[in-house]
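Start from chain A and add chain B according to the hints.
Residue numbers (UniProt numbering), protein chains in the order written: chain A, 1 to 115; chain B, 1 to 778.
It should be emphasised that the hints constitute simulated quantities derived from the structure, not laboratory data. As the structure is a computational prediction, the values presented were derived from the model and not from experiment. Treat the hints with care, since some could be wrong.
Here are a few chain B residues that face chain A, going by a calculated C-beta distance under 10 angstroms [unchecked claim]:
no., residue
1, Tyr629
2, Ser727
3, Val756
Covered stretches of chain B (in silico footprint by chain A; criterion: 3 or more residues with CB under 8 angstroms from a CB of chain A, positions within the stretch not fixed) [said to hold, decoys possible]:
no., stretch
4, 638 to 645
5, 737 to 746
Simulated DEER-style distance windows between Cβ atoms [claimed, not checked]:
no., chain 1, residue 1, chain 2, residue 2, range
6, A, Arg53, B, Ile610, 16 to 24 angstroms
7, A, Ala51, B, Leu761, 35 to 43 angstroms
8, B, Met671, A, Asp60, 54 to 62 angstroms
9, B, Ile181, A, Arg53, 48 to 56 angstroms
10, B, Ser592, A, Val43, 19 to 27 angstroms
11, A, Ala59, B, Val667, 35 to 43 angstroms
12, B, Ile590, A, Val43, 14 to 22 angstroms
13, B, Asp573, A, Ala59, 55 to 63 angstroms
14, B, Arg676, A, Asp60, 49 to 57 angstroms
15, B, Gly762, A, Ala59, 37 to 45 angstroms
16, B, Val754, A, Ala59, 31 to 39 angstroms
17, B, Ser599, A, Arg53, 32 to 40 angstroms
Ideal Cβ placement from N, Cα and C applies to all residues, glycine included.
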Amino acid sequence: MESLIAVLVGVLFATGTYCLMRRSIVKLVIGVVLISQGANLLVFTTGGLLAGRPALVPADGVAPPAPFGDPLPQAMVLTAIVIGFGLTAFLLALVTRAHEAVGDDDINAFNNTDT
Amino acid sequence: MPTILILSLAIIFLTACLAPTLVRYLGDRAGWLLAFAPFSAFIMLVAQAGMIEAGEALVYQVDWFSALDTSFSLRLDGLSLLMALLVTGIGGFIVIYAGGYMHGHPQLGRFYLYLLAFMGAMLGLVVSDNLILVFVFWELTSISSYLLIGFNHEQKETRWKALQALLVTGLGAMAMLAGFILIGTVTGSYSLAEITRMGDLLQGCPWFTAIVILILGGAFTKSAQVPFHFWLPNAMAGPTPVSAYLHSATMVKAGIYLMARLNPSFAGSGLWEYTLAIFGSLTLLLAMFLGLFQKDVKSILAYTTLGVLGVLTMLLGIGSEYAIKAMVVFLIGHALYKATLFMVVGAIDHETGTRDVTLLRGLRKLMPISALAGGLAALSMSGLPPFFGFIGKELIYKAGVKLNGAELIFLVVALVGNLIMMGLALKAGVGPFFGKPNHAALPKKPHEAPLAMWLGPIVLSVAGLVIGIIPFWVTEFMVAPALAAIRGAEIAHLDLALWNLVRPNLPLLLSGVTVLGGFFVFLNRARFWAVADRVLATIRPYGAEAMYGRIFNATIWFSKAQTRWLQTGRLHDYVFLIVMTTVGFLTWAIVSFGGLNFSVDWAAYDLLIICLVIIMIIAALVAVTGRSYITVLVALGVVGFGVALIFAYYGAPDLAITQLLVETLTVVLFMFVVLRLPPLKTISGRFTRLRDGIMATAFGGLITILLLKAVNIQFDHAISDQLAAMSYPEAKGKNVVNVILVDFRALDTMGEIVVVTVAALGIAALVKSGLKGKGKRS
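The shape of chain B in the complex, shown without the other chains:
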């Protein structure tokens, strides 16, 4: 039933709109009610799993901008289903959790609005089939996450960090959009389902490198790959439910999702595979290195998330069947345990008032349920059997040992990364609960978190244990169809049962090494803290974030400088700049349209016209240079009446009559105010006048050339001829110009009358205010 796609989107967006009202009446209990939206979407989507597993896809399509080949088309296949289930399933628990975490917050309604809007955007992103639609939802996630990260906007630092996330991901998205348009141009389609079948066409086209780089610009910024990694740890400025949801389960995976989605088109090209593998490994190593020195539990988790994003990208780059399988399993496992760990950390922060690992110890007696959930999640993250995380880690090693030659480096990277990640997992998920309690050092007296705050963690962490022991349902209905979508192949049946993996072979040995190394890192954690501040302070000035800061400040400096330079506040400068620009563009246009190739006809004139034009030119010059009002007014009058004569001579009696009338009125008007005007005088210096004179002459000359070129072009007179032919039979008028004005284009004339009326009203107001001002003064 394809309508469930639009239905699940609608239910989440509608609930988002209702959230502020519900919170007003129900307070923070509203979370329980609001969670129905994601959960009902989850159930509707789960019901489709059987069909997806059979190899079909759900398609919903309505026309949108058909002229631009853009339709509102949604499509649910294995990969989309997997992502959609994570978004809605984890999202539901986050909604409940936020009610407890944000207990009593005055802006809770607004928070839920942002959170659910984000959820809808994310769901829309993963089920969109049209590239333009993907971009729209992609940007919606950026904007809503900006609002969520900057939720505590009273702090300057939070605003800075939120803006950073928005700018980095937003600029990346611009690159991605350009990549999308290139793809659309090459393949002639914006439908993902069609594009993924046209890999050969794309890889053969000359723009392939540009497409890959532009698309990765979007994916790498969103999924925080090196060198755009820095915004992700900074995004921890948002409330913890946001970190748990956006920065573990969903938004940061949008980049991974996009890369996985386009993988069938790009796989097989060395550019794609090596770029992903190398940047993924770099991200993993950097994240693990920086993670070692963190003291804030939330930061530790942020860096491990960064590391996981690196692993996923790397696996996608390796691209073998095992690697993709490992990626999908790792993605699910990570979403489960990382959301849990963030929520547990939020609970600890909420109950103790600190997130400093050097202070947190021995909380297991006081917070037993959180301790259980955190412990289970940390073990899954460590990759110990029988947790789901173990399967993911085993598969990574299985993919790794299949590599050969120089590519074995990725296996080493994976080993080092996993080892540190286990250390960090224990540090964040187990460390706070064990050891000798020192409750006196904590800012608040701790006790167990409320139901809303431990329900999600416990369900998700137990789920990680259960599907580790019985992986059949998940592998059959989620992993296998997703694998098929990413590899662009038929759905294969997987056997990921635990007992098949626990065999004495090389991957298991590597797992053993990981466990030992992980414990070693965990036990020596205090050594890293001891030097943390020094190490971080040493590398900070050279990091990508420092570079971001410099670019940011340089942009602001440039913007201010060019404003100072262009916006002088003097009319002269504006006019000069406009004229200069126009002269430049006109010259360019004239040159590119064949230069000075026009014919002139100096011979065919009446003496009358020649004399008239010469007199008018002199008059125009006198009008500019004249020193007394009488001279200038006479000169202007000569120009105006001259124009009227030209109209009359060249067969436009109506224009001539109007011009005469208007000219007379203008002169009268001038005479009327001339006594109240200041004397004519020269203010600018000689140099300025010379410069302006040259520029004005250039402008006038160009207009002449333009006109000479224009009259050499044969115009199509169809409209004029038609109007002339219709004039008498249709409108019963013998003067064609008049008929055009009052019949065919009567609305224009109406507008003209309005303009004159408004001008008259304006003049009346000005004159009246002048009189009043005078009265006051006297």
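Just chain A, same shape as in the assembly:
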């Protein structure tokens, strides 16, 4: 079940890494967004994929009926999604502000800004 998703994860990492190596500062944000999507899917997939079996306890039961999707990676990914959002938001603000302050969008122009 996982092979297709694995290819998708690879593509997300490749495109994200490529963006991180660009000099335009906005591409950095795009790269971070793509890589965090890839990383979330990676962790999610390592737990094993099961279609339509969430880890929910039925109304009259005490435990989810087996088999069910592994809840532990899901919990971790949930945390990661939220933190990834925080990071993206902060990065976006930082890039906007830096662009205003330096007046350039080439990351190599940011080397000599200590005054």
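Just chain B now, kept in the frame of chain A:
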């Protein structure tokens, strides 16, 4: 009473801490008070001599890192007692002496702190039983001696020399530590007492050669054997009390001590014995040769110390009973006379303002007590009866004449070495006091040194005379137990009485030759000075020190070059390097874990998922290549909502909901700032883009392979199953993922909230500062 071991250590370290305060209130009289610490330790240790002589050992042990088989264990046997007495006994006089020598120095308190800390480290070293503890104290002596040698750190040259001593001995210690760990692995013990009983096991193991070389790396650097000899004369940059203490009596003997300590394990192997004997002889010969050309009294003494270290190593290598006996006696004798000579030289320097032997003459009338002490010490060093030095020298020859065949070369080496050493002893200890005075040529008008500065020399030099005449107590309670510890045998009774040695035999004849030759060297000393500068300048470029300088500079050059190469200051290069390294290691990991052996299952998919993944891949590529913000944002949105759909499809409704929310917010945020962002454009050239593209594709491909391999491994679901089973009964929650987040791993969620809060604060600050900046500009 084993607690006296820890007590004597504690008293010295505590006094070290108190020293700066005491000096602040008492000035340089504080030395008299501080000397109580080493002297009281000395007395406590002397009280144990009877027990040690009876063949027992004092053991003090508390657990330290029991998991690593490392305990804080101290052990006092014959060899440890001998070294500990030298460290504390001579140390006490040095402490007093330093008060006079450093009279009025503004940093005297700091000096005493370093000196006493060194003393404690040295004492700890010689009484440690655990190898790791030995290493800790060994390094403490290196560090404290670095501080002492570099005490006059205003001068660049002093700093260079101090660093040299630290680097040489410190790197040697690293080798030694590796050797210790090998010993521990082979024997299964880090206790010296146990290791010295396991010589056969060690000598039989395949790592024996490596162990010997690594251990000698530590011992030879610390005890300044060829080719690591050069740091010792350079260490004379330290104040004279430091030279007297570290470079005569104690630190340089740490290497000798270690070799002697491990001798029972290694003795009998040709590797050990010949290495020591050969390097010892080379050190002796080189030191004597270089010593001949020195004009600075302190340098002369430094080279004779180097020579003595060579003799001691050589004797240990010869390893016969006579040789070890000679070594122990020589070690004691040397500590007494060399400390004295250094202190006398310090007094001369202090009172006349120079250490140049060509200027110093006829001081005996003006400095009678120093002259007496220096003369007695020089005679002991020359090996004349009835001084203790004579016994040592006789024993060396006795050990030498027992050799046969090619090994007789060591006897010749000893003879030549002793002969020159006597010449140098007279040059340094007698020369300055006799002859026609020329006080006018001296920088200062000389007079006798103060009490603090002649007390130590006179006591130690008279001690060398007294124990030469009546050696019984020293041989019975110090030499014999130490001999037993070094040879790993029962304590034998020695007869070293003077009248037994003065017999017409070959050793005595050799002594006679030594005396005549020594006087000859002394009388012709001016001839060597005449050519000194030329000789030294000729050999300097080929010496070990020049090699050290080249290695040092090469290291700095390499360090600078690799910094220039790696730290370019461009983000692209850092990311590229990180990705490249990761790709390399990942490839290696995948290959070493069986390569591409995973199964793929292309068939079992819904059409829905297949279409979704294809759309997402296209969207990701568009997000990278898109030229307008609208295109890129839509593409990013497609990727994000696609991920949400995958979550939903594979049984993770919570993730899907969160992802949808977050994705919406992200797009909104982007839209919010999009007008303030610079236009999307391509800056890098075609080649760079191609190279980055290949690297990124390789990285992505490896991640895919990694994931394919990972899902083929059967994970242990024990934790997940346990959490799912506990979810309802324990936490009364039916959604297991939610229960994990808010109950079982609530602290993680708390951390997550903190992260988001901090990010929000950061954003607020950034936006606010942006507004302020705008306001100012307009």
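Going down the list of hints, with the structure as the test:
no. : hint                                     : in the structure
1   : Tyr629                                   : holds (8 angstroms)
2   : Ser727                                   : holds (6 angstroms)
3   : Val756                                   : holds (4 angstroms)
4   : 638 to 645                               : holds (count 3)
5   : 737 to 746                               : holds (count 4)
6   : Arg53(A) / Ile610(B): 16 to 24 angstroms : holds (20 angstroms)
7   : Ala51(A) / Leu761(B): 35 to 43 angstroms : holds (41 angstroms)
8   : Met671(B) / Asp60(A): 54 to 62 angstroms : violated (46 angstroms)
9   : Ile181(B) / Arg53(A): 48 to 56 angstroms : holds (52 angstroms)
10  : Ser592(B) / Val43(A): 19 to 27 angstroms : holds (24 angstroms)
11  : Ala59(A) / Val667(B): 35 to 43 angstroms : holds (37 angstroms)
12  : Ile590(B) / Val43(A): 14 to 22 angstroms : holds (19 angstroms)
13  : Asp573(B) / Ala59(A): 55 to 63 angstroms : holds (58 angstroms)
14  : Arg676(B) / Asp60(A): 49 to 57 angstroms : holds (55 angstroms)
15  : Gly762(B) / Ala59(A): 37 to 45 angstroms : holds (44 angstroms)
16  : Val754(B) / Ala59(A): 31 to 39 angstroms : holds (35 angstroms)
17  : Ser599(B) / Arg53(A): 32 to 40 angstroms : violated (22 angstroms)
Hints 8, 17, counting from the list given before, are not met by this structure.
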